[in-house]
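Generate coordinates for the entire structure from the input sequences, incorporating the hints supplied.
Quick note, the sequences are listed as chains A and B, same order. So the first sequence is residues 1 to 146, counted in the numbering used here. So the second sequence is residues 147 to 706, counted in the numbering used here.
Because the hints were derived from the structure by calculation, they are not lab data. Note that CB positions come from ideal geometry on N, CA and C, so glycine has one too. Some hints could be false.
With the Cβ distance kept under 7 Å, some of the chain B side facing chain A (calculated, not the full set) [what the hints assert, rightly or not]:
1) Asn263
2) Ser264
3) Leu278
4) Thr281
5) Cys282
6) Thr482
7) Pro486
8) Val516
9) Gln599
10) Arg601
11) Val610
12) Val612
Non-contacting residues of chain A with respect to chain B, defined by C-beta distances greater than 10 Å in every case (computed) [claimed, not checked]:
13) Ser11
14) Arg27
15) Gly40
16) Pro48
17) Ser53
18) Leu58
19) Glu62
20) Lys81
21) Asp84
22) Glu88
23) Gly90
24) Thr131
25) Phe140
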Amino acid sequence: MAEATGSDHRSPIRVLVTKIGLDGHDRGSLVVAAHLRDAGMEVVYTPPWQEISAVVKLALEEDIHVIGLSCLATDHLLVPKLMDALREAGLKHVPVVVGGIVPDEDEAILLAAGVRRVFHPGASLQAITDTITGLAETAFSADDLR
Amino acid sequence: MTQKTAIEPPASSQPGYDLWRRDYERQLADPRPVTNRSGIEIKPLYIPADWDSQRYAADLGFPGQPPMTRGIYPSMYRGRIWSQRQLVGLGTPEHYNRRLRRLIDAGVTAISLIPCNSVYRGYDIDEVDPLLVGTCGTTVNTIEDMESCFDNIDIGRISTAMNDPLPFTLLALLLGVARRRGIAWRYITGTSNQSDYISHFVANHMFVRLALPGARRVLVDHIAFCTEQVPNWNPLSVVGQHMQQAGATPAQAMAFTLCTAILYVEDCLNRNLDPEQFLPRFTFFFDISISFFEEIAKFRAGRRLWQKIVRERFGVNSSRARRFKFHAQTSGVDLTRQQPLNNIARVTAQAMAGIFGGLQSLHTDAYDEVLSTPTESAAQIAVATQNILRGEAHLTDVIDPLAGSYYVETLTNQMEEHIESIIGQIDDAGGMFKAVEQGLVQRMINESSREFQRRVENAEQLVVGVNAYQVEEEQAVRRPLERPDPECIGAQVNRLSRFKAGRDQNQVGKALDRLAAAANRPDANVFAAVVDAVIDGVTHGEAVACLRRELGFGEPLIVA
Numbered sequence: 001m002a003e004a005t006g007s008d009h010r011s012p013i014r015v016l017v018t019k020i021g022l023d024g025h026d027r028g029s030l031v032v033a034a035h036l037r038d039a040g041m042e043v044v045y046t047p048p049w050q051e052i053s054a055v056v057k058l059a060l061e062e063d064i065h066v067i068g069l070s071c072l073a074t075d076h077l078l079v080p081k082l083m084d085a086l087r088e089a090g091l092k093h094v095p096v097v098v099g100g101i102v103p104d105e106d107e108a109i110l111l112a113a114g115v116r117r118v119f120h121p122g123a124s125l126q127a128i129t130d131t132i133t134g135l136a137e138t139a140f141s142a143d144d145l146r
Numbered sequence: 147m148t149q150k151t152a153i154e155p156p157a158s159s160q161p162g163y164d165l166w167r168r169d170y171e172r173q174l175a176d177p178r179p180v181t182n183r184s185g186i187e188i189k190p191l192y193i194p195a196d197w198d199s200q201r202y203a204a205d206l207g208f209p210g211q212p213p214m215t216r217g218i219y220p221s222m223y224r225g226r227i228w229s230q231r232q233l234v235g236l237g238t239p240e241h242y243n244r245r246l247r248r249l250i251d252a253g254v255t256a257i258s259l260i261p262c263n264s265v266y267r268g269y270d271i272d273e274v275d276p277l278l279v280g281t282c283g284t285t286v287n288t289i290e291d292m293e294s295c296f297d298n299i300d301i302g303r304i305s306t307a308m309n310d311p312l313p314f315t316l317l318a319l320l321l322g323v324a325r326r327r328g329i330a331w332r333y334i335t336g337t338s339n340q341s342d343y344i345s346h347f348v349a350n351h352m353f354v355r356l357a358l359p360g361a362r363r364v365l366v367d368h369i370a371f372c373t374e375q376v377p378n379w380n381p382l383s384v385v386g387q388h389m390q391q392a393g394a395t396p397a398q399a400m401a402f403t404l405c406t407a408i409l410y411v412e413d414c415l416n417r418n419l420d421p422e423q424f425l426p427r428f429t430f431f432f433d434i435s436i437s438f439f440e441e442i443a444k445f446r447a448g449r450r451l452w453q454k455i456v457r458e459r460f461g462v463n464s465s466r467a468r469r470f471k472f473h474a475q476t477s478g479v480d481l482t483r484q485q486p487l488n489n490i491a492r493v494t495a496q497a498m499a500g501i502f503g504g505l506q507s508l509h510t511d512a513y514d515e516v517l518s519t520p521t522e523s524a525a526q527i528a529v530a531t532q533n534i535l536r537g538e539a540h541l542t543d544v545i546d547p548l549a550g551s552y553y554v555e556t557l558t559n560q561m562e563e564h565i566e567s568i569i570g571q572i573d574d575a576g577g578m579f580k581a582v583e584q585g586l587v588q589r590m591i592n593e594s595s596r597e598f599q600r601r602v603e604n605a606e607q608l609v610v611g612v613n614a615y616q617v618e619e620e621q622a623v624r625r626p627l628e629r630p631d632p633e634c635i636g637a638q639v640n641r642l643s644r645f646k647a648g649r650d651q652n653q654v655g656k657a658l659d660r661l662a663a664a665a666n667r668p669d670a671n672v673f674a675a676v677v678d679a680v681i682d683g684v685t686h687g688e689a690v691a692c693l694r695r696e697l698g699f700g701e702p703l704i705v706a
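Right under this line is the structure:
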């Protein structure tokens with residue numbers, strides 16, 4: 001398993017794994033959440049259909065380091081709105097990654113809106129874990145992660 | 147996961163066996179055991195010691211006769227070919243109607259209606275973000291919308307399968323259109339595809355609308371209503387597809403589906419419905435993975451088990467009531483974003499497994515569904531794949547053509563035994579309703595989906611383009627996406643407000659009161675009240691919202 005937390009004096013990386021919009025397919029988010037937990041992260045997992053405001057609230061209240069969104073049925077179209085809402089709430093520094101069915105032309109739109117990485121079908125759990133670890137460690141100092 | 151060990155045949159009984167075994171072991175490249183997705187160990191060779199034709203009568207019999215292994219009809223595809231039912235649904239009702247008429251002109255007789263995700267979630271399109279309206283299905287909220295969907299289409303002559311979770315507002319709207327057109331309901335044929343609330347609660351949360359107890363009651367109301375008033379409609383489709391897509395193994399998916407069907411039969415019997423009437427209208431819906439022989443064995447074993455369950459648990463003996471009619475869809479989980487055209491080959495193999503498994507209806511996936519909502523050109527290839535398999539490949543000449551294969555019969559028996567042991571686990575937990583209330587089924591599915599992912603990551607399960615045979619792909623320009631025109635969606639939202647403003651508000655208010663009252667009176671039929679309500683102008687979203695207030699909102703139990 002990955003050494004997700006880097007050196008062991010730190011407290012774990014806190015990840016919010018969630019779904020916005022209307023879709024309810026959650027095999028992907030469940031598998032990723034379980035793997036991140038096994039890798040030593042603290043995972044806040046929500047049912048699907050979260051309102052954007054609810055995601056922002058959770059990110060604030062739960063001291064989230066990285067937000068992971070699973071989008072399989074066009075709900076990624078709402079992600080730019082989420083990015084705006086995070087910015088307005090002063091959470092611009094919290095990295096957001098998206099996994100699921102995201103057409104190429106939309107991936108560019110998501111990246112331009114500030115999404116750090118889009119994972120497509122076939123992405124390995126190791127790659128997802130490593131990316132989240134790297135993003136958390138870059139965005140937050142050791143103190144933040146303590 | 148249960149590990150089944152393959153039984154060693156008595157070596158002495160087969161001349162040449164010892165010699166083969168020695169030579170085989172000498173040439174063996176990889177000594178690791180081979181197991182299928184359900185955890186059954188697969189031997190390199192099957193011989194009469196595993197299965198022989200002395201078991202013919204007990205294991206197979208004849209098509210259309212118990213134990214039904216060879217198919218549910220005496221003539222199978224020689225008599226009637228499977229229905230080629232592709233999922234169709236995009237954009238506005240007018241957009242859907244145009245696409246449907248092109249399909250009907252091309253000879254299609256069985257159609258489907260896939261509504262927009264907002265409809266699935268129980269909302270009208272004015273209740274959700276306009277960005278998401280019509281991107282995954284058709285926006286149908288009112289009786290006018292349903293009229294437009296089937297404009298110039300004879301709904302009394304075409305079989306319509308609708309993705310229509312309870313409380314079945316789409317069927318209610320269709321029955322409303324039939325009444326307006328003077329078509330008797332007995333001519334309305336098709337299937338309520340998303341009637342299996344257990345599979346929604348456990349696996350595909352997209353369709354969850356009502357809390358479990360309310361859902362349980364409304365489903366039986368719907369079956370009772372259709373049995374009496376829409377006798378040629380299939381009110382129930384028990385869905386193993388959701389469970390398998392969510393990660394259940396093929397054996398688990400079959401077992402959970404049969405357990406769910408047992409629950410629904412018990413509930414119908416408790417309502418004093420006649421099993422000889424409702425059982426012939428029960429249908430099933432399964433996933434077909436690319437695990438070719440395992441899927442064939444799954445379907446043959448499931449067919450044999452269902453007829454046995456109906457006889458042994460419910461004492462129903464007629465062949466008609468014991469038929470295991472099923473629709474199947476090729477599995478999207480096996481498709482890859484990498485080298486997406488390879489998916490056409492995968493869909494072909496999956497479809498063949500379903501055909502050899504004896505399906506009654508088939509949807510082949512478009513190769514590009516991993517990239518986006520399928521494009522029309524990719525959907526055409528999916529249709530052509532079925533045409534080629536049906537018309538060119540001679541797959542349909544012989545009924546149950548793999549019967550008598552030592553391997554297929556042994557595997558069918560092993561899958562049956564494995565499925566029965568999982569059914570036993572659910573029985574021990576108090577039956578399917580209790581098992582999902584407690585999260586047992588959800589946990590079993592989660593474990594299997596993690597195990598599958600582990601096998602893919604370790605390349606124990608090879609996936610071409612993902613963990614093997616990767617090629618450098620150009621970030622090629624893929625074909626443009628078909629997205630609903632925002633202007634059309636805007637116009638559709640305006641049309642909905644005009645519809646709402648133009649109704650007899652007094653009549654609508656009374657209809658909603660009657661719906662709420664029916665929900666609170668155990669002797670009333672909630673689905674009958676939904677039908678009356680939409681005929682009086684109540685919209686889809688209003689009917690669902692009313693029942694959510696009265697019967698409770700459906701929160702799935704997610705075991706994360």
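Results of checking the hints against the structure:
no., hint, verdict
1, Asn263, "holds, 4 Å"
2, Ser264, "holds, 6 Å"
3, Leu278, "holds, 6 Å"
4, Thr281, "holds, 4 Å"
5, Cys282, "holds, 5 Å"
6, Thr482, "holds, 6 Å"
7, Pro486, "violated, 10 Å"
8, Val516, "holds, 5 Å"
9, Gln599, "holds, 5 Å"
10, Arg601, "violated, 12 Å"
11, Val610, "violated, 11 Å"
12, Val612, "holds, 4 Å"
13, Ser11, "holds, 21 Å"
14, Arg27, "violated, 5 Å"
15, Gly40, "holds, 17 Å"
16, Pro48, "violated, 6 Å"
17, Ser53, "holds, 13 Å"
18, Leu58, "holds, 14 Å"
19, Glu62, "holds, 15 Å"
20, Lys81, "violated, 8 Å"
21, Asp84, "holds, 13 Å"
22, Glu88, "holds, 17 Å"
23, Gly90, "holds, 24 Å"
24, Thr131, "holds, 15 Å"
25, Phe140, "holds, 24 Å"
Hints 7, 10, 11, 14, 16, 20 from the earlier list are contradicted by this structure; the remaining hints agree with it.
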